[in-house]
Amino acid sequence: MPLKNKDLVWVFAEQSDGELADVGLELLHKARTLAEKMNSEVSAILLGHQVKELSKTLFAHGADNVYLLDDPELKDFRSHPYANLITRLVEDKRPRVVLFGATHTGRDIAPRVASHTRSGLTADCTELKIETLTIRKTEYPDLLLQIRPAFGGNIIATIISPDVAIQMATIREGVMEMGEPDKTRKGKIIPVPVELNSVETAVKIIEKHQQASAVNLKAAPIIVAGGYGADTPEKFQLVRDLAKVLGADVAGSRAAVDAGLIEAERQVGQTGTTVRPKLYIAVGISGAIQHRAGMQESQKIIAINNDPDAPIFGVAHYGITGDLEDIIPKLIAAYKSQLH
Amino acid sequence: MSLHSIVLVKQVPDTSNISGDVMRPDGTVNRARLPAIFNPEDQEALELALRLKDEHGGTVTALTMGPPNAANMLRDCLYMGADRAILVSDRRFAAADTLATSYALHKAILHIGDYDLIFGGRQAIDGDTAQVGPQTAEKMNIPQITYTQEILNLDLKKRTIRARRAIKNGHEILEAPLPVLLTVIKGSAEPRPFEVRRLCTYKRAQSKFEIEATVDDSHDLVWMEELMERAKTQNLYIETWNIEDIDADVEMCGLAGSPTKVHKVENVVLSGSEFKQVPATAEGMNEMITELMQDHIFG
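If you're matching them up, the sequences are chains A and B in order. Under the working numbering, the residues of the first sequence are numbered 418 to 757, in order. Under the working numbering, the residues of the second sequence are numbered 41 to 339, in order.
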């Protein structure tokens with residue numbers, strides 16, 4: 418079985434109600450570049466009930482194989498059965514790399530799988546690479562370099578798991594770019610039997626409430642985001658006013674969310690959404706790396722800050738130093754005057 | 041039977057308050073300059089456990105793995121209402137990743153014995169990994185409810201708990217059999233203020249390290265034992281456990297027991313500040329907007 422040695426890079430294909438989460442598809446594209454370096458195929462792990470059809474999408478985005486675990490018990494996500502079934506599959510097939518989206522679901526199960534299999538696991542990576550490293554004269558082939566900001570975003574750490582067979586990571590939604598699907602790609606579905614004991618199915622879902630989010634920052638062409646410098650409702654209102662005039666979506670840094678000025682689903686950054694709009698206006702956002710990680714690939718960035726040394730200027734195309742209460746009205750006036 | 045909750049707590053550097061002198065000129069972090077605080081979500085987890093105790097009776101045990109000065113946070117737990125505080129501390133735990141940490145915590149929980157619920161914050165602000173809770177649950181072989189927002193019902197007869205958990209764009213209500221581990225997200229329960237009576241009592245609570253520090257002659261083991269016994273009988277002892285106390289395998293702890301290693305740390309260097317400085321004037325703004333319009337950024 419030549420496949421056995423080459424089936425080294427896996428992606429958890431998260432789905433809910435028969436719809437695949439974008440992050441799994443994003444990770445499949447990343448997995449392809451990782452797998453090429455390892456001369457390996459890419460496999461997706463798909464759990465659910467009556468979800469076989471989704472395999473086509475997974476193939477189109479880069480999966481060569483889909484491990485399909487299809488069972489009524491798996492219709493809705495529950496951590497114990499999902500984690501244990503993935504654990505058994507990982508123990509059986511021994512991949513080298515397993516990637517999960519850093520979602521409510523991925524962050525729930527990845528630690529359990531890593532714990533049981535004694536794998537290395539790094540949360541919220543912003544970049545992944547495969548490299549062979551020589552450390553103290555020992556060569557470690559195909560190491561997964563798990564790169565993430567650490568310590569309040571003041572440093573970037575590269576984490577490796579050199580002494581264990583299986584290397585795992587979670588990655589936030591939107592961090593890896595989703596490439597174009599190739600609908601002509603074909604792959605192999607590998608059905609996996611689902612056997613669960615009563616302990617594993619003991620947690621019951623009593624109710625589930627989920628709405629399609631009205632917020633889709635990822636699709637917004639223009640975003641105006643406020644941060645710590647807009648820390649009063651009055652100042653944050655100016656951020657909203659500017660967004661309204663520009664027809665933009667409003668967003669915030671973690672500081673703005675923590676201060677209750679804006680809802681968490683509008684948070685941009687490593688622990689929020691990663692965005693790539695045409696224009697990103699950062700108002701009173703100092704620009705800690707967690708925030709920059711979520712917006713620095715915007716086509717144009719305007720930074721407004723009263724601290725000329727704020728790190729946000731390091732990623733900006735236009736920088737305006739000064740008081741936002743002075744600048745925003747002028748900016749609104751300038752925009753309106755140019756419309757006519 | 042009476043309810044016993046264990047709350048996993050962590051003392052963390054306050055990464056949300058990084059001021060100028062915390063960063064050294066070379067860009068590295070001076071950890072010693074960061075104030076140590078009670079990890080916010082862990083404190084909310086303790087509050088949830090205390091509310092269940094208020095309603096159902098029983099006991100709450102605060103458990104931490106950390107350096108000797110984590111005793112400060114454990115005293116906060118006692119001030120809030122915890123019945124018992126345990127400090128798992130040993131140099132050989134140093135540099136533990138989440139797997140080695142959860143291994144040590146699970147050994148400590150086994151050493152504690154019977155329990156019904158384990159609580160913890162979803163994540164600690166110094167790492168934001170959210171891994172230690174689920175990994176501890178896995179090692180205990182019990183189910184988990186992560187992202188807990190609210191406890192809806194605890195039925196001690198049926199031995200089940202109902203909790204509301206955040207999911208993407210919504211929430212779900214789960215019912216789990218006891219024992220179960222719950223990780224708690226911010227905003228679930230505003231921690232209660234310290235009780236004055238408890239503050240007066242438990243400010244004298246000490247860990248083994250702190251009792252040792254009060255003994256002039258560190259070789260005077262008899263006196264040391266005497267002081268420890270006194271603290272225990274007065275219920276003022278912060279139980280202090282090392283690797284042997286919890287029967288942990290040294291190879292599974294600290295750096296040796298951590299599959300993940302830090303390979304490289306880079307200071308954040310911003311790519312050259314190539315941005316255009318726009319004067320805060322009407323003319324400056326007009327010019328910028330004209331450029332953006334020419335670049336088809338609007339519309």
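Because the hints were derived from the structure by calculation, they are not lab data. Idealized CB from N, CA, C, for every residue including glycine. Treat the hints loosely; a few may be bogus.
As the list claims (entries may be wrong) - Beyond 10 Å from chain A on every Cβ pair, some chain B residues (computed):
(1) ALA134
(2) ALA135
(3) ASP166
(4) GLU215
(5) ARG237
(6) ARG244
As the list claims (entries may be wrong) - Heads up, simulated BS3-like pairs for lysine-lysine below, C-alpha to C-alpha not over 30 Å straight-line:
(7) LYS625(A) / LYS208(B)
(8) LYS510(A) / LYS301(B)
(9) LYS316(B) / LYS747(A)
(10) LYS316(B) / LYS635(A)
(11) LYS423(A) / LYS304(B)
(12) LYS226(B) / LYS621(A)
(13) LYS747(A) / LYS603(A)
(14) LYS625(A) / LYS316(B)
(15) LYS510(A) / LYS635(A)
(16) LYS492(A) / LYS603(A)
(17) LYS469(A) / LYS208(B)
Evaluation of the provided hints:
1. ALA134: holds, 17 Å
2. ALA135: Given that every Cβ of chain A is farther than 10 Å from that of ALA135(B), nearest at about 13 Å, it holds.
3. ASP166: violated, 7 Å
4. GLU215: violated, 5 Å
5. ARG237: holds, 32 Å
6. ARG244: holds, 34 Å
7. LYS625(A) / LYS208(B): holds, 11 Å
8. LYS510(A) / LYS301(B): holds, 24 Å
9. LYS316(B) / LYS747(A): Roughly 18 Å between the alpha carbons, so the hint for LYS316(B) and LYS747(A) holds.
10. LYS316(B) / LYS635(A): holds, 26 Å
11. LYS423(A) / LYS304(B): With a Cα-Cα distance of about 29 Å, the restraint between LYS423(A) and LYS304(B) holds, given a limit of 30 Å.
12. LYS226(B) / LYS621(A): holds, 24 Å
13. LYS747(A) / LYS603(A): Judged against 30 Å, a Cα distance of about 56 Å means the pair is violated.
14. LYS625(A) / LYS316(B): violated, 49 Å
15. LYS510(A) / LYS635(A): violated, 36 Å
16. LYS492(A) / LYS603(A): holds, 26 Å
17. LYS469(A) / LYS208(B): holds, 23 Å
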